[in-house]
Amino acid sequence: MMSVLRKSAGSAIALAMALSLGAGIAEAKETVKVAFIGPLTGGVSANGIGGRNSADLAVQLRNADPKAKYEYEMVTLDDECKPNVGVQVATKAAADKNIIGGVTHYCSAVAIGAVDIYHKFNLPVIVWAAVLPDITYGNKHKEVHRVNGTMINQNDVAADFMEGLGYKNWVIIHDTTDYGKGHNKYFSEALKKKGGKILATFGVTSEQQDFTAELTKAKALNPDVIYFGGLTPIGVRIRSQMEKLGFAAEFQGTSGIMSDAFIAGLGPLAEGTVAFREGAPIDKLPGGKFFVEKYNEQGYGESPEAYGPFAFAAMNLLIDSIEDVGPDRKKVRKVLNKTKNRDSIVGTISFDDHGQNTVAAITKYVVQDGKWVVWEDSEYVSGKRKLPGMM
Amino acid sequence: MDVGLLGQFVANGMMLGMMYALVAVGFTLFFGVLDVIKFSHGDVLMVGTFAGFSTYLGLSAMGIDNAFVQLIGVLVVAVCSMAFLGAVIARYLVLPLKSAPPLNILLITLMLGTVLREAVRLFYPDGSNPKPFPYLLPTDTWPFGSFTLRADSVILLLGGLLVIVGVHVLINKTKMGLAMRAVAQDEETAKCMGINFTMIVLLTFALGSGVAAFAGVMNGLYYNEINFSMGLLLGVIGFSAAIIGGLGNIYGAILGGFLFAALQTVGAVALPFSSAYKDVFAFSVVIALMVWRPTGLIAEKSSERV
Chain A
1 MMSVLRKSAG
11 SAIALAMALS
21 LGAGIAEAKE
31 TVKVAFIGPL
41 TGGVSANGIG
51 GRNSADLAVQ
61 LRNADPKAKY
71 EYEMVTLDDE
81 CKPNVGVQVA
91 TKAAADKNII
101 GGVTHYCSAV
111 AIGAVDIYHK
121 FNLPVIVWAA
131 VLPDITYGNK
141 HKEVHRVNGT
151 MINQNDVAAD
161 FMEGLGYKNW
171 VIIHDTTDYG
181 KGHNKYFSEA
191 LKKKGGKILA
201 TFGVTSEQQD
211 FTAELTKAKA
221 LNPDVIYFGG
231 LTPIGVRIRS
241 QMEKLGFAAE
251 FQGTSGIMSD
261 AFIAGLGPLA
271 EGTVAFREGA
281 PIDKLPGGKF
291 FVEKYNEQGY
301 GESPEAYGPF
311 AFAAMNLLID
321 SIEDVGPDRK
331 KVRKVLNKTK
341 NRDSIVGTIS
351 FDDHGQNTVA
361 AITKYVVQDG
371 KWVVWEDSEY
381 VSGKRKLPGM
391 M
Chain B
1001 MDVGLLGQFV
1011 ANGMMLGMMY
1021 ALVAVGFTLF
1031 FGVLDVIKFS
1041 HGDVLMVGTF
1051 AGFSTYLGLS
1061 AMGIDNAFVQ
1071 LIGVLVVAVC
1081 SMAFLGAVIA
1091 RYLVLPLKSA
1101 PPLNILLITL
1111 MLGTVLREAV
1121 RLFYPDGSNP
1131 KPFPYLLPTD
1141 TWPFGSFTLR
1151 ADSVILLLGG
1161 LLVIVGVHVL
1171 INKTKMGLAM
1181 RAVAQDEETA
1191 KCMGINFTMI
1201 VLLTFALGSG
1211 VAAFAGVMNG
1221 LYYNEINFSM
1231 GLLLGVIGFS
1241 AAIIGGLGNI
1251 YGAILGGFLF
1261 AALQTVGAVA
1271 LPFSSAYKDV
1281 FAFSVVIALM
1291 VWRPTGLIAE
1301 KSSERV
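Residue numbers (this note's numbering), protein chains in the order written: chain A, 1 to 391; chain B, 1001 to 1306.
I should point out that these hints are in silico values taken from the structure, not numbers from a laboratory. As the structure is a prediction and not an experimental result, all values here were calculated from the model. Among the hints, a few may not be true.
Counterexamples of contact, computed for chain A against chain B with all Cβ distances above 10 Å [stated by the list, open to error]: (1) 32; (2) 142; (3) 286.
To give a feel for the contact side, a few chain B residues facing chain A, derived at Cβ under 7 Å [to be verified]: (4) 1005; (5) 1008; (6) 1009; (7) 1010; (8) 1016; (9) 1099; (10) 1139; (11) 1148; (12) 1185; (13) 1188; (14) 1189; (15) 1268; (16) 1269; (17) 1272.
Even glycine gets a Cβ: it sits at the ideal position worked out from N, Cα and C.
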């Protein structure tokens, strides 16, 4: 219901804009549907809603552009970050012949389940946030593309960076979804190459509330760092329960905990947490200022969160392709596959054979005074502050 | 494994067990008086915790920042509001269906639980994200080697114990408790003896829900983090604990709660496989126990119900 309201309100605004410009209304444009799929309810919904708003922004801006050949309508679907629900909504989007393409999925566990469906129905999609490598590299589906980097890059940088700070021993806690398991696998591999030692690995369920048993066991091993591969809600729990047990190791997360909600959930305890993410922060992106301005103009109630700019870039890329070749799934797919050196607000986008964006810079972040700060800009670099156990 | 570490595991397990036991007591109370299973119990707990959390925010906004006053405020509001909610649920959802098949009540409360959960997620400001529950208890710690004793854990355990003793006294030593036991044993006869049946049912639901709210606040104070789905697993575990203990028996529920916590701790610590399987392990043992003793570890004395 909400999405219907939003959509009609959106097209009303677009119409009003077109009217006031006095252009593009002489002949009615053909309406083209595009899909957005992300988690709009549930524990990670803050990220999904931020992505939804950002993708919506791309559509609104295009509809307000008198030069656009088509009128775009965004169909928003909620995958709840649950694979079973994700498969349902992916099928729903793919089976609707009026939907030409999609910007899909924040959660890796959902995306990996949905890619086969997009392939089967020939629906070209661009993944906007899920980082599991197999989403693009685990198949040969020409329909699947991804603007953000994978967890392989992320964990290579993470291992290299942490090793460089002088840490030696890790305990890994990961959730047992594809997302958490992937992080565990790639971080362990990257760490082994660098010579870091993993003292123990714990798999935990994504619904788990109590981690005191795992953490007590981990504490006895006396690691320098707790590596956590998983999403914000249990990241918050693990970090706060470490404190309860008087466990003073450094807390290292992944892109999955990089949200404002992580800091809001922990308060001062979040200080010193490190995490890694593809791309650069909004204000350092080539089109970051433009994005933030336009985003604020639309008056969305929620923040775009970390991956909003990727959703925006993905939607823009999809719409560009439709503008080029018209609303035809196969043609759009072909044109997307050929994307090379294309400028976007998240930097240049070039897809390799698997539809994976090859330009994937990783940025290191640390929580400082209740904010995710780029490591190089933080007071930790200058030595003014120190992470637990940092040399 | 050294003694300190073992002590830490036991302390962690005790905390968990206390929370499970408090939830299980509610299930067993409801089943005792009315033979119903109220599946919204875990979500009532969650709503109670959020009510307490809102009270804290309200008190802070009013400028009252004495932790003790805040704690009392949080507890009173959470427990009283959930006692009221419990009574309302009993009055308008459970009692009208009393003569319907028990499955209907189970289903209706299951749906109510979803409604409560989704309502908090959608209507509580930023409800889908975890919230930091405040530290309202002293945070002193005493390290003994690898064992860290925390003042707040000790207070919470004592608080939980006090509530359990309170419920015990209420049921066994007061007139109201006598009436509850009478209703539990034989509704018709109790009515003939002049016991206000409806009132007793409402009071029982209020009691059970109030205890759940206490467990919720305890959960919040212990983990310092609350979220809209915290009641879901707690509800299932509390229910299982009540079942293995022997549904309808308070001591069984308490025993069940601690047993379940012990199983989870053993599952996470002592078994060779990944700790993600600790719930699988704990629930498997519950299944085995139920096959071995279908009426629970401490079976009800009156077996005429069969």
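Return the numbers of the hints above that this structure violates; sort them in rising order. 7, 9, 10, 12, 13, 14 and 17
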